[in-house]
Each structure stands twice: as structure tokens, then as C-alpha cells.
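Visitor: What follows is the residue order along each chain.
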Amino acid sequence: MKKNTFFFIMSITLISLFGLMMVYSASYVWADYKFADPYKYLKNQGLFLILGFVLMYFISKIDYRVYLKHSNKIFLICFILLILVLIFGTERNGSKSWFGIGSFGVQPSEFMKLALAILIAKILSFNKLTDKLVFKILILAVLVFGLIMLQPDFGTGVIILMGTVGLLFAAGANLKFFGKLGIMGIAAFAVLIASAPYRIKRILSFLNPWEDPLGSGFQIIQSLYAIGPGGLLGFGLGNSRQKHFYLPEPQTDFIFSIISEEFGFLGILLLAILFTIIIVCGVNIALKSKDLFGKFLAFGIIFELAFQTILNLMVVVGLIPVTGVTLPFLSYGGSSLMITLMSMGIILNISKHQK
Amino acid sequence: MFTKNIHSRMKIAVLCFAFLFLVIIGKVFYIQVIDYKKINGYAENLWSRNLPIKADRGIIYDRNGVILADNVTTTSLVVIPNQIKDKKKVAVDLAKILNVSEDAMYKHISKKTSIERVHPEGRRLSYEIADKIKNLNYEGVYLVKESKRNYPGDTYLSHTLGYVGIDNQGLSGLELMYDDCLTGEDGAIKYFSDAKGNKLKLNEVYEQPQKGMNITLTINDEIQKAVEKELDNAVTKYNPDRVIALVMNPNNGEILAMSSRPNFSPANYQKYTVEEINRNLPIWATYEPGSTFKIITLSAALEEGKVDLHKDKYHDSGSIRVENATLHCWKHGGHGSETFMQVVENSCNPGFVVLGQRLGKNTLFDYIDKFGFGAKTGVDLNGEASGIIFSRDKVGPVEQATTAFGQGVSVTPIQQVTAVSAAINGGILYKPYIVKSINEPETNTVVKQNNKTMVRRVVSEKTSKEVREALESVVSNGTGRTAYIDGYRVGGKTGTAQKVSNGRYLYNNYILSFIGFLPADKPEVVVYFAIDNPKGVQQFGGVIAGPPAKTILEASITALNIEKPTGGTEKKYNYLDKKYITVSNVVGMDVNKAKETLKDFEVKVDGNGKTITYQSPEAGSRILEGSKVRVYTG
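These protein sequences, in sequence, are chains Z and D.
Here the first sequence stands for residues 1 to 355, where the numbers follow the working numbering.
Here the second sequence stands for residues 1 to 634, where the numbers follow the working numbering.
Only pairs whose alpha carbons sit at most 20 Å apart, straight line, appear in this in silico DMTMM-like list of lysine to aspartate or glutamate:
1) D:201 - Z:32
2) D:38 - Z:212
3) D:370 - D:399
4) D:11 - Z:291
Just so you know, the hints here were simulated from the structure itself, not pulled from any lab data.
Fair warning: this is a prediction, and the values are worked out from it, not measured in the lab.
Bound conformation, chain Z alone (with noise of 0.2 Å):
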């Protein structure tokens, strides 16, 4: 095995294993309040875990040219399951975005972000990137990203967005028409914005949290009272203070809180360095592809990745307002988990076929 396939695998069970770990200190004091049972999630965190590696190795063997010829059927089964959901879809936390089977749920936009990036590499492998087929494909994931917010997940829809935008960069699109489009991205950002006025709130909270401190500045607040005390040690693993039902549900989007807590600084800084390991030989993987698809897919797959983490970690410091972007391989959410491990896989089967 090649020395940056063997770091990559290496980062991901570090990462896999640490957030599990963390899912549960996390989680322990919620799940018994919750559930009476404190492994609760881990439990099932456990099990997704051990399935999303299961998974992996199974695609890291499936050539990654099986999904070039399938990429429209994958695309079109997401795509109707993103309108289903819609339909038959069960509501948790205010979004429309699941189907559950038990307690389990699976969250059809997860698939998409891959589904997506699938079909792009494909035409952008075998089209010469013209500002028509720019927009083309700009148009394809607006229509996606308005499908999701239908539910609305706004975060996920970000992602969507941005791995198209990181694609056609990648790509060589034509940064003057880029930026026009940006200008336009904007506009419609900020109608977005203006069309549910709760979101101006988010926004202006993140700036000064303490101006509704039981409002819109709550969660930030909280978020920043576990990260502040940390220091640059911790308080040491399993002695967070604000997991004890001052953070709400503090195993899913904001466990970042609570790594810094207990971690400190010094946590943090090594998580940091984990997940540059990851990016960075994700990265390499794609540049040493034989083929365009192979390089436009591993590219998609860890700019999406990337951007998740960055839109979380900002969220949870303080830097910009709150979205909702659980955290890849640390935050509790087993469709996220088996999503990303399985994308890993895609990435892994095309680190076999380097030059």
C-alpha cells in the first residue's frame, strides 16, 4: 500500500474511533436522562461505525468506473427520493428530511451530496467546460439545492452548492463568468434570506450571542462557554460540564463544544491536524488519478467533506450563524457516518487505479 493511502486509512480509524469515543462522552448524560440507558448512543453510533467500515472496504473494491456508467440512474433514484421525502418523509427538528425505520433514519439529501458530485465528475470528464455548460450544471444544483431547503436543510443544501462550485473550479471554469454568478449567488442568498425573516435573527446572533442569550444567541452561547473554559488542556475526557444539559443534544452538531472542553487547545490542534491529513491525501489520491472522472470524483467527495467541517467548525467558534451541519466522522448521525465512510471507499478504490 502507498505510504499516502496508508495516512489517509489511518486518519479516518483515528477520527472514526475518537469520535465514537467522544459520541459518548458526549452523549452519556442526555441518552440516561433521555432513554435511562447512557450507551444509548453509543450503542448505535457503534453499529453504524462498524457497518460504515464494512461498507467501506466492500466499495474500496467496486472499480469507481461502475459509478461513471450508472451516474444518471444514481442521480434520478436520489433525486426522487429527495421529493419523497417531502412527501412520506418524517419531521425532526423542524426539518422534513428523514425516513425513518425505527430509530433509525436515513437522510435521502446524505446520498445526494453524493449522487451529485458522481454526475458532475462524469460531464465534466467528458465535456469541454464552456460557460453554457457552467451554468448547465449551475442550474442542475440550484434545482437540487431548492429541493432541499424544501425540507429545508439548509445546510446540506450549502454543500450541495458549494462541492458544485468547488468542481467547476477545479474544472477551469472561467473565473470572470464565476464571478458574475457569485454576484447573482448572492442576491438570491440574501432573498432567501428575506423570505424567512427567523434567519435574520440566526445571523445577527452569531455576531453578539448575548443579546438573546435564551434565544437565537443560546446555542453559541453554550457552545462558547464549554470551549472557553477548556484552556489549553481540558478538563480532561468524560469531565465536560456543559454536556450536563446545558448544551443541548451536545453528541450531534456542536460535539466540537465538547471536545474542546474536555481536550483543550491542545485537542483541537490534533484534530485539526487529522482531518488536514485526510484532505490533503484525499486530495493527492485525485491528482494522481489516471483519468478525469477518477480526479474530478475524489476531488468532489473531499471538497464536500472539507467544506462540511470548515461550515461546522465556524458555526461552532462563533464565526458565522448557526446552520446545522452535523460534523464528518465525529458527530452523532448514523446516515452521515455510513455516507461519508462509504464516499471514503469510492476514494480508496481510486487510489488503486494511480498512475
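Assemble the complex: chain Z is given as a structure, and chain D must be docked to it using the hints.
Guide: Coordinates of chain D only, in the frame set by chain Z:
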């Protein structure tokens, strides 16, 4: 070429992500390191629940370290509603122990608050009750130590010390005035709690309460005790409206004792009216001083060279005409021909009118101002009054004349005592004060120290000496005889002032006062004693206010260790007075000779022998004429 372009763009994307990671790490660093203190403080506040521990108030001492106000520790009940699982049961059990209704207790226990102090039922619990509650061992039910103010002397010095409310806050007197100093900083047992109020398994933090600062007063406990006793005696004997006493060191303005009746018990302050508690009469009461004010006129006349006490004479016919008014002397028929020394001794009103006239309106009122009347003395107590002096444009010859013997002016006791102190201490007016020092409780470091503050020189040393001599002769020969202490040189002046109500003098309603000092040649203590409207007695200051003042002076002798002087004016005896005579030595004499030697006493002989072997009291003691002397023979 095409692929190369793709590669470089992919690398740019990676660099962008790396940059964003750095931004995020930078923000985390900012939160955890630079903003740590602020956020950690907020967070600690969020997590911690405090079981408050009351700080001890500073102790108030007399000048010799006698405790005048301290603290006793009590226990209070505190509940944390969120930690109490079975609220019903806990309420029932606690209600039974505290003997209150279950509903009231349930209200406390189910209150939506992080910590509930069970007030007032659960405050200041006895040891037995606290022990019973402790034995219940309920989660969320706590007993915390509380500090309660304690006044060992109860009503002693109550107006000056003041009192505190249930939360140990100073509400009157020094307790109020120095509340910031006396109040300590409350401590707490800090425990960490989750957002639902349950206790986290983290170590409790004990924040020690900081004691308040201690205050040492200029008060002398021994003299104060004598003062309180004499005030009580006066109340019992005369049933007066008010009684006031004030003792001061004339040489620096230190208040050695002060008190008044009616007074109050700080522990039961609820039973008294606001007026009873807040009116610290020695500094608040204003009234006509009467003859004690003559000391001011006398000092002014001497300083201005308007009179020679021994040579100048005056004939008192019993009244004097001023403009269209006739001003009477207190003695019907007058004192006849007398020297001005006798005018002072007799407290002769027409004589003082003449002294006032010799001074002239402006000079007399200048001295009144210089002695500090009409303005607050600035004593470090709250509630001081400034009194009322005629404004000069309204002073005609009659007002001038009455002012000269102490009528028509309104002054406070402390003004009189400070002014008289200035007249007799060598001529310097000092600002009176009662707080000697404020000390840090642990190290006893002096935080604030008060020293004597000279206000101004009022009269010369020479004048002051003459005033002292004149006032000494008032006690030995004049109206102040009742304050004479055998073997000591005492100076003083009586005062009898008719009370005024709605601009008219009241019939048979007087304030009788005496101001005395000792030793007369070098005063160390000034005592003022005033009785307002004593019932059923002769209305003369010397008769009523003299004896208690004398007792307080005697107590001061012991308290201040004042030595017996030599010389001084011998007391002149009238037929009512009994003499003090020195007992001669009779040991070794035969019985008859001894009886002859001790003819001024009643001699009681014990034993059958011929010569005296022992006598009691022993030779050299001074005892009252006619007292019993026992002798033993054989």
C-alpha cells in the same frame, strides 16, 4: 497542460481550506486563551450554585478593648428545590420540626429558584432544631452558618452603636454610619450543578467569608457603665421626660461616654418608635442651656478684660431693668453686694447681664460663634443638630441680656461640652469624635486613625486658668456644692432652664443640668448631666443634676487613674453639709484618750483591755463627720 491547470486549482482549494482551518484554530485560541477569563467567569457562574455563608460584622470595642458589639453564630435553613425529590415528604417533615404549616414549607420547597432561604421560619435556628434537620439527611436541604449581631450590654450605648436588621445591615447609629467598614464580604460553599439543578460530582469550593473591619471607640467602658447606671437611677427617682449624659476628654475632644433616656434595646428594635431609636439626644436634643451657658459669657468677659473677678463688685437687688423689661435673679430678693467671683458662684443672673452689657452685642455673639454654638460640632455620628442662636439683627438689649445668662439660645449637649472644654483646657476648641480607629480584622492593621482636631483657639491660657478657678469655686462655695468630691479639685456649673413650647415658657417644667470637670487645675474629664422635667422635686440643677454628675466624675477618677492633687479650694460647709475629717491615730492610747481624740466620730469600743491595739478605719482615712470608728482593746 489541461490536467496541470486542474491540479493547480485543486491545490489552491486545499490552501483555501488550510487557511480557513487556521482562522478557526485562531478563534479557538482566542476563546480559550485570550477571552478565557471572561468566558470562564460567565461559565462558572452558570455552573455554580452558592450556599451563602454570612460574614461576621466587624467588632466594636471601647478604647480598652472591651467588646461593645460582636457576633454570635447561628444556623439557617436553605433548600435547593431542584435537588429535592420527594417534595411533599420533605415539606411535611420540615414543617413538623420548625412548627410551621406544611403549605408554607411546601411553598419554599417548590419555589422555582436555584436556592431558597427559608425565611423567616428557618433563620437563626437553635442547636436542637438544626440537629433534627441534619439528621433527616435529605438531599437538597442544607444548613448554613449565619452570623448574628450581638450587643453584650443590650441597651448600653444603644443610640450611638445603633442596630442591625435581619440581614446584618446597619440601620442606625455607628452600625449605619460605618456599615461599609463593618460589613464583611459573604462567603459561600460553591458546588457545581447541571442545568437541571442536580449536583455534579465535582469538588465543592469553599469561599471563606471576609470579616468586616473592627472599630475602636474613644468610649471608656467603666465611665459609660457609670453613666448608664446614673441615667437609670435618675429615671427611677424622678420619672423625667429625658435624661442626657455626656463625658468628654477636654484636651482632645474624645467622647468617653454618652447616653440618654429613653433608650432602646437593639436586639428588639421592632418594639420602639423610629424617634426613640434615631434620636441620639446628646447630639440631637436642643434646648435652652440655662446657667451652664454663663461659662461662655464669663470666658468672653475675662478674655476681653471686662471684669476682674476678685476686685469688681456688683450689687444684686434681685432684678435688673433692661430697656422696658425687668429681668429677675433666680434668688428672690437678690444676692446683695458681691464680687464678680461671687456672681459666678451664686450664678447671679443680673450680674451676668452686666457682663454681657460690658462685652457688647457683637463681641458677645462673636464669642458664642467662636465657641461653636449655632453650628454642628462635626462629631462623627449622624443625626447631629446645630441649635439656634439669635441672628444679630434681631438682637436687642433684652435678647443680649438673656443670652448672657443662657436664655433664648438653643444648644445641644455636645456643643456645651465642647465649648466648656475649650474654656477650661487652655482655650482651644477641639472637634469631638468617638471613633478612635478602624482596624483590619485579621492583621489588626490600622486602616483609619482619628486624632484630635483643633478647630480654633477661643481664649488665652490665662483666661482659661481664671475660668477654671472660678468654676472650681462654684463647686466649693457656690451652687455646685453637690458635686464636691473630697480630696479632689472639681470645677463645674449648674444649669436650670425653663422649657419653651410654642414660644412660651412652660410652668414648672425645667431642664436641670450640671457640667463638671476634674481635676480643676488640669482637667482630664468633663461630665455633663441633664434631667428634663424631673417630677416632684426642687427645680434646681445643683440639687438634682449635681449628684449623678459627681458619681460619674468619681467613676472617671478610677477609670482614668486620676491622682489626688494637693491644694485647691476647700469646700465651704453650710449647715446641711457633713464634713469629711481625717481619722487620727489612736493605737497605743488608752480608751478615754482615744475617745477624746476621735470626738468628731462615733467611737465603738470592742474588747476589755485598756490600750487600743487596732482601729478601723485606719489612721489617715478621711470619713464623714459622725461616722463610726471601731477600736479594739487588749
